[in-house]
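S.K.: The whole structure should be built from the sequences, with the hints applied where relevant.
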Amino acid sequence: MLSYITKRLVAGLITVWFIATATFIAMHLVPGDPLMNQKAVSAEIRLNLERKYGLDKPVVEQYFIFLGNMLTGDFGISYTQQNRKVNDIIKDHFPVSATLGILAIFFATLGGILWGAITAVYKNRLPDIIIMFLVILGISVPSFVFAALGQLLLVNLNQLVGQSVLPVAGWGTFSHMLMPSMVLGLSTMALLTRLMRSSMLDVVNEDYIKTAKAKGLSPLRIFFRHQLRNAILPVITVLGPQIAAITTGGFVVELVFAIPGLGRYFVQAVQQLDYTVIMGTTVFYGSFLVLMVILVDIVYGFIDPRVRLQ
Amino acid sequence: MTANILEVTNLSVEFETFGGTVQAVRGVSFAVEAGKTLAIVGESGCGKSVTVQSVMGIIPMPPGKITSGSAKVKGEEILGLTAIEANRYRGVEIGMIFQDPMTSLNPSMTIGNQIAETLVVHRGKSHSEALAMAIKLLDRTHIPEASKRARQYPFEFSGGMLQRAMIAQSLACNPSLLIADEPTTALDVTIQEQILELLTELQRTEGMSILLITHDLAVVARMADQVAVMYAGQIIERGSLDDIFYRSAHPYTLGLKSAMPSNTGRGDKRLQPIPGSPPDLFSPPQGCGYAARCPQAMQICKRKLPVLTEDPGDSGHLSRCWLQHKDAPDVEELYQPLKLKGTSSAH
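Protein chains in written order, with numbering that gives the first Met the number 0: chain H, 0 to 309; chain Y, 0 to 346.
Since the hints were made in silico from the structure, they are not lab data.
Since the model is a prediction, treat every value here as computed from it, not as a measurement.
All C-beta atoms, glycine included, are put in the ideal place defined by N, C-alpha and C.
Be a bit skeptical, because a hint or two may be false.
Restraint ranges, calculated between C-beta atoms of paired labels, are given here [what the hints assert, rightly or not]:
| no. | chain 1 | residue 1 | chain 2 | residue 2 | range |
| --- | --- | --- | --- | --- | --- |
| 1 | H | Phe105 | Y | Met60 | 32 to 40 Å |
| 2 | Y | Gly206 | H | Ile128 | 25 to 33 Å |
| 3 | H | Phe132 | Y | Ala258 | 52 to 60 Å |
| 4 | H | Val306 | Y | Leu270 | 45 to 53 Å |
One side of the interface only, derived from the structure: several residues of chain Y facing chain H at Cβ under 10 Å [as the list claims (entries may be wrong)]:
| no. | residue |
| --- | --- |
| 5 | Asn3 |
| 6 | Ser169 |
| 7 | Asn173 |
| 8 | Lys303 |
M.R.: So, in structure tokens, the structure goes:
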């Protein structure tokens, strides 16, 4: 088990290095540089700035300087935000995105497994048809529409009650997190519902369900002990990438609900070619994704005994 | 006359499909005597598995539907019970093992826990008590290092060992009947023999009845006291092992026997396949289901379904064939090339 985890972590490190390198190359291939976003400056000032930031050096040298700094955990200072270290940006804003993301994943997994199981039990009957219709909506409608609708709902609710039950936007308390995390988790929930439904229907036809029936087990016991556990496996497989996608992809929802998450800085940095912030956030998110995938694989081993020994 | 553990009368089962209604089982009756083995034999799709799975109440309904008939375990009707009511006999009075042991056990539960589960549910044992009993059961089915094996998962077992574990599981509550639905089909021949040996041994020590479903006449000859031959959803011949092998009354039974290899005959004997294929059960023929393939078919066979009639000189030997009618010619005279009597290919 330990050697398995070590092996996965080493492979993960190589992946992160690859992500960093690819991002570095892609970033430098984009025309322009961080200084071009500023107001027009004279050639001398530009030269001075380039020298100050090391942008006058050959790209290959810049790459190795960046790698060396990355190994010490230093991503440098933002080009566009005065005196802000990239590490500080991540430290200040990632916990917000992570909290939102974890809550969203919680809603999505719980809902996905629940709705998926219900649709499988009521296959081709009314509850199944209604839920599967909503699932299609959840997958195809973009999250900013749901975000706006969610806000509208909260406004109406607050008006109806006459006081602020749940805040419409902002960040701080748990009540701030509720609506945005549900909105953020919606498409993942829809995806997991579909996955869970088909996986449940596969398992129902398995021979061991027939065996369980022949053993004289109650339908409830068969459902929970034999069906659900085996059906959850495929859902857990996609959970790793989904966790990463949700924690990093919450940009739009964060914007609509005015949440100070990391997503905004990630997108802004790319628009402004803020080299250090791009590299910092990408490598950070990349490592996070890799870590989540490894984590899910380990959890998977606990649920499916066949995975453990490999 | 011994008591019957299981009595099935006039059982009919249909399946609703997109193509129409399949009449998978059409009026099947049989009985399993206490301590004896009844083998239901027939080719794929003849309805033998559906018959026993309907008795167990484990065919999917819908699309499956039991349209008529009764099944009594020790005199108590078990068809039409709710799932909860049926669990009084499933796993308790009747144990069941299946064709493919590789897929018949839950892959994410240890073998020990799966066996123990039956005892926890039906006998109200605590988990640790049940687990200890499960290890004893594994021991009884000759699984070496039972206590270590009980902690393992199905993927760590071989096919033969899994079938032993399945048998151990089905025996947990000392059932009076074990239904074995093609128990050796998925196993290779040497393992097959070991499993059959185990079943024989357990029947001797536990005194249970066995209802054996198979398409393998060699297995029938090895195991059965009574035999029922199924064809196109009906039992076409029923009787003791000797009745079926030495005094076959139905041309289909004769056909099956001549299609079976034998090691007692001379090497130059060629196997005779039965030409054609079974009838379409979406719209079964109004006459005998075998008429289209039967070398002895008469005019009446295609028009009218024969009834199960008892051989006058042979009590308990029934067959569903017009040749059994008092005006019909003798079957075995008609089936000369076989020379049945004395040259049986029972083993």
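S.K.: With reference to the structure, classify each hint as holding or not holding.
M.R.: Here is what the structure says about each hint:
For Phe105 of chain H paired with Met60 of chain Y, a C-beta distance near 38 Å keeps the hint of 32 to 40 Å intact. The hinted window of 25 to 33 Å between Gly206 of chain Y and Ile128 of chain H is violated, with their beta carbons roughly 52 Å apart. Here the CB-CB span from Phe132 of chain H to Ala258 of chain Y is close to 54 Å, well matched to the stated 52 to 60 Å. The supplied range of 45 to 53 Å is met by Val306 of chain H and Leu270 of chain Y, whose beta-carbon atoms lie about 47 Å from each other.
Restraint check, Asn3 of chain Y versus chain H: the minimum CB separation of about 21 Å is more than 10 Å; hint violated. Residue-level restraint check for Ser169 of chain Y holds (minimum Cβ-Cβ distance to chain H is 8 Å; threshold 10 Å). Hint status for Asn173 of chain Y: violated, given a least beta-carbon distance of 13 Å to chain H, over 10 Å. This hint is violated: Lys303 of chain Y has a C-beta 38 Å from the nearest C-beta of chain H, more than the 10 Å allowed.
When each numbered hint is compared with the structure, violations occur for hints 2, 5, 7, 8.
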